[in-house]
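Enquirer: Read off the chains here:
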Amino acid sequence: MSEHLLIGTVGSNGRADRLAVERVREAAGDRVGVVVEVGRERPRPASLIAPEQAKRLEATLAEALPGAVVKARGNLVFVAADDSPDLTQDVCRLREQAEGCPLAVVATASRYRELLELGWDEVVIRSDQSEPSPGEPDERDALTELVVEEAAEFADRVELAGPGRGRGSRRLRDRLGSNRGQATPLVLGGVFALVLGAVAIVAISGAVTGKARAQRAADLSALSAARSMKNDLPRLLAPPLLPDGTPNPAHMSKPVYLGRARLAAIEFAVKNGASPLAVSVRFPDSASYAPVRARVAIATSVAPGDGGGGHRAPPNWAEARINVPASMGSVPSMASGGGYSGPLAERQGKGMRPDVAAAFDSMSAAAAAAGVTLTINSAFRSDAEQAALFAANPDPTWVAPPGQSLHRCATELDLGASDGYGWLAANAERFGFVQRYSWESWHFGYVAGPAPCSEEGNSVGTGGGDRSRALSQAFPSVTPAWVRPLILRAAMKWNVSAALLAAQLFAESGFDPKAGNGIAFGIAAFTPAAAAEYGLDDPFDPAAAIMAQAHLMSDLLGQFGSPALALAAYNAGPGEVGSCDCIPSYPETQAYIAKILGMLGGMGAISPVGMTIELVK
Amino acid sequence: MARRASGFDRAGQATVEAVAGIAALMLAALLCFQLLAAGYSATIADGAAEAGAVALIRGEPVEPAVREALPGWARSRVSVSRIGTTVRVRLRPPALFSSMADKLAVSAEAGGKPG
Chain W
1 MSEHLLIGTV
11 GSNGRADRLA
21 VERVREAAGD
31 RVGVVVEVGR
41 ERPRPASLIA
51 PEQAKRLEAT
61 LAEALPGAVV
71 KARGNLVFVA
81 ADDSPDLTQD
91 VCRLREQAEG
101 CPLAVVATAS
111 RYRELLELGW
121 DEVVIRSDQS
131 EPSPGEPDER
141 DALTELVVEE
151 AAEFADRVEL
161 AGPGRGRGSR
171 RLRDRLGSNR
181 GQATPLVLGG
191 VFALVLGAVA
201 IVAISGAVTG
211 KARAQRAADL
221 SALSAARSMK
231 NDLPRLLAPP
241 LLPDGTPNPA
251 HMSKPVYLGR
261 ARLAAIEFAV
271 KNGASPLAVS
281 VRFPDSASYA
291 PVRARVAIAT
301 SVAPGDGGGG
311 HRAPPNWAEA
321 RINVPASMGS
331 VPSMASGGGY
341 SGPLAERQGK
351 GMRPDVAAAF
361 DSMSAAAAAA
371 GVTLTINSAF
381 RSDAEQAALF
391 AANPDPTWVA
401 PPGQSLHRCA
411 TELDLGASDG
421 YGWLAANAER
431 FGFVQRYSWE
441 SWHFGYVAGP
451 APCSEEGNSV
461 GTGGGDRSRA
471 LSQAFPSVTP
481 AWVRPLILRA
491 AMKWNVSAAL
501 LAAQLFAESG
511 FDPKAGNGIA
521 FGIAAFTPAA
531 AAEYGLDDPF
541 DPAAAIMAQA
551 HLMSDLLGQF
561 GSPALALAAY
571 NAGPGEVGSC
581 DCIPSYPETQ
591 AYIAKILGML
601 GGMGAISPVG
611 MTIELVK
Chain Y
618 MARRASGFDR
628 AGQATVEAVA
638 GIAALMLAAL
648 LCFQLLAAGY
658 SATIADGAAE
668 AGAVALIRGE
678 PVEPAVREAL
688 PGWARSRVSV
698 SRIGTTVRVR
708 LRPPALFSSM
718 ADKLAVSAEA
728 GGKPG
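Chains W and Y, in that order, give the protein sequences. If you read the first sequence in this note's numbering, its first letter stands for residue 1, the second for the next number, and so on. If you read the second sequence in this note's numbering, its first letter stands for residue 618, the second for the next number, and so on.
Chain W with its partners taken away, still in its complex shape (with noise of 0.2 Å):
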């Protein structure tokens, strides 16, 4: 230690006085030390035994400051000073008596000031005030920070020395200390995480990218293939042999149809990205007459495994299929449930005939010209919805009671909105429609095409009003003649599209009344206990079985309501669709849906088809 050591408190001065006496008598060795204590309330008492020297001093520096408590203990002589207006003198008077002792001196911050003019070896500044209390101001550091700065104008070496607790002590223990360049590699190695992360980050989100782009080829390629099979399916579907006995050039075989949705698949799997090595193509339904599902796996390329060797990731792999869905929206593609039985149009979310449709279409865009918006309130209901509306209004004047309103037959509009009824009045008949009753003046039937729910109005949707073309074009062009008048009858008898009937038999048999396969016989391939329900004794009969067969779509149609679901309950059995109100997922239902609505929709009888792409998985 100096020989002059003054050190100042900020708060308690009990470990500065500690310190005061370990420094004095690091410094003292053999010789006698002078601890002065500036303001000490209980000065120290005098220890029983001291050196002679140490006795002498005491007696000395108690004489130069009568006003002191000055004892010696051991070694060490305690000078318990006045906090009085004369400290200075009083210490430089001490320091003048205890010449060639080294000497400390304790005072606080509010004195210690004026001591160090007085010159010292060592200047050490002690903070030792507690923690402040939760919410108060932490005012030492300001205050310890102050009295660093003064003290460093005078004292050769300042020590910053405390307990260690308060922030500001060890602030300013970094701040007097070796803190040149701290902040530097803070600054730094704050750079250097920020970018690492950013560069963690972009690394993971590329590797994330790079599977899902491999996934993306997968799914866009069996989607595309999924695509060719939906645009060349009316062609699987065509007749192979015109009428004629000459092969039919519309007609693509399945090995083509197949192979053309391979190509596909490749070409856009390579497109996206993926190596054309790498590129499976499968049909999980090849089997099947119309192949409807398409399966792509993409190879992933080879990765160095652990141990040095490498190991194939599995491949990606996606699967997509045309897909029927149950019904179009709120309009079922198809009449059914007693009334029309043909096709029907949407317009404005209602069903019509096709030919009322075209009609409201040219009505509809005359009275937009002159300013009139023609809204459609209500057009074809089934017996079952007229049950429910008479039920609700059993007024015979404003509801028919079910089987009696001409909206079983799709030619009749409720139209609206009322201030539209005069420009109906003087205009709907140009279009070919009336209205019906002189008391509704928004209800209007359409009458320039075949009359409501007549035979050839079944038919309108194929082959127009004519019963003669209706016969000759209400059918798929593959149907026989011999058995166009047994459907034709069937479907008048049991209110079923005869073009849905025909359709039908050509998937199940292709009319061939001896077919037959161990489980369902006959053209219309009849299993024995459906037979048995339906009164049929002989499958083979194709008279009976398909008035039989039209029964049961008739009884399916008024159950499901939609000839997707009639059809895949037809095939499947009522009990898988009704389970779930859906088309089961079996790719020869799905399959066996699809042709037959694929035949409807390539002759028009169905509009629009309904049928879509999707992702399997």
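These are calculated hints, taken from the structure and not from any lab test. It cannot be assumed that every hint is accurate.
[Unchecked claim] Listed below are several chain W residues computed to face chain Y (Cβ distance under 7 Å; list not exhaustive):
# : residue
1 : Leu220
2 : Phe268
3 : Lys271
[Said to hold, decoys possible] Here's a subset of chain Y near chain W, in silico, CB distances under 7 Å, partners left out:
#  : residue
4  : Gly638
5  : Ala641
6  : Ala645
7  : Cys649
8  : Gln651
9  : Leu652
10 : Ile661
11 : Ile674
12 : Arg675
13 : Pro678
14 : Ala727
15 : Gly728
16 : Lys730
[As the list claims (entries may be wrong)] With beta-carbon atoms standing in for the labels, derived distance ranges:
#  : chain 1 : residue 1 : chain 2 : residue 2 : range
17 : W       : Phe192    : Y       : Leu713    : 20 to 30 Å
18 : W       : Gly259    : Y       : Gly676    : 46 to 56 Å
19 : W       : Val447    : Y       : Gly676    : 32 to 42 Å
20 : W       : Ala426    : Y       : Gly676    : 37 to 47 Å
21 : Y       : Arg694    : W       : Asn393    : 51 to 61 Å
22 : Y       : Ala637    : W       : Lys211    : 38 to 48 Å
23 : W       : Ser110    : Y       : Leu713    : 52 to 62 Å
24 : Y       : Leu644    : W       : Ile201    : 10 to 20 Å
25 : W       : Ala426    : Y       : Trp690    : 48 to 58 Å
26 : Y       : Asp719    : W       : Glu614    : 35 to 45 Å
27 : Y       : Leu644    : W       : Gly29     : 56 to 66 Å
28 : Y       : Gly676    : W       : Gln215    : 21 to 31 Å
Fair warning: this is a prediction, and the values are worked out from it, not measured in the lab. From the three backbone atoms N, C-alpha and C, an ideal C-beta is built for every residue, glycine too.
Here the structure of chain W is known, so what remains is to put chain Y in place on it, guided by the hints.
Expert: Positioned in the frame of chain W, the structure of chain Y alone reads:
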């Protein structure tokens, strides 16, 4: 004076370093943000291009499908083009300056058999 220089110039040193450090940190943070914004834009542009290709295969309008696949902020920053069987999506990432967004624009492509 030598004594004064020993302790208190260093306080100023720390302050200067702190100010410069904060500025450097902010700059680094902005660069990282820009990097991430560009990377994220590339990822969602990929997804949007795929959605556009799926729409192309299904015979549906491509541009609405692309926009639908993007988050709201990106819909006004995207341009969609169709070249044959390919859907190309160009997305300008969020940036401090619009000119920077143009320079950092990311593109993604996906193809599908049209309906």
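Enquirer: Confirm or reject the claim that Leu644 of chain Y and Ile201 of chain W have a C-beta distance inside 10 to 20 Å.
Expert: Holds - the Cβ-Cβ distance for Leu644 of chain Y and Ile201 of chain W, about 19 Å, lies within 10 to 20 Å.
Enquirer: Going by Cβ atoms only, is Lys271 of chain W closer than 7 Å to chain Y?
Expert: holds, 4 Å
Enquirer: At a threshold of 7 Å, is the proposed contact between Ala641 of chain Y and chain W supported by beta-carbon distances?
Expert: Status holds, d = 5 Å.
Enquirer: Honestly, do Val447 of chain W and Gly676 of chain Y meet the 32 to 42 Å range at C-beta?
Expert: holds, 37 Å
Enquirer: The hint names Ala645 of chain Y as touching chain W; please verify it with the least Cβ-Cβ distance against 7 Å.
Expert: Status holds, d = 4 Å.
Enquirer: Does the closest beta carbon of chain W sit nearer than 7 Å to the beta carbon of Ile661 of chain Y?
Expert: violated, 10 Å
Enquirer: Taking the beta carbons of Ala426 of chain W and Trp690 of chain Y, is their distance inside 48 to 58 Å?
Expert: holds, 54 Å
Enquirer: Against chain Y, with CB atoms and a cut of 7 Å, does the hint on Leu220 of chain W hold up?
Expert: holds, 5 Å
Enquirer: Is the hint on Phe268 of chain W kept, meaning its closest Cβ partner in chain Y is under 7 Å away?
Expert: holds, 5 Å
Enquirer: Mind checking the hinted window 51 to 61 Å against the Cβ distance between Arg694 of chain Y and Asn393 of chain W?
Expert: With a Cβ separation near 55 Å, Arg694 of chain Y and Asn393 of chain W satisfy 51 to 61 Å, so the hint holds.
Enquirer: Interface hint check: Leu652 of chain Y, Cβ to nearest Cβ on chain W, cutoff 7 Å. Holds or violated?
Expert: holds, 5 Å
Enquirer: At a threshold of 7 Å, is the proposed contact between Gln651 of chain Y and chain W supported by beta-carbon distances?
Expert: Violated, because the Cβ-Cβ distance from Gln651 of chain Y to chain W comes to roughly 9 Å (cut-off 7 Å).
Hint compliance for this structure: hints 8, 10, 13, 18 are not met, and every other hint is.
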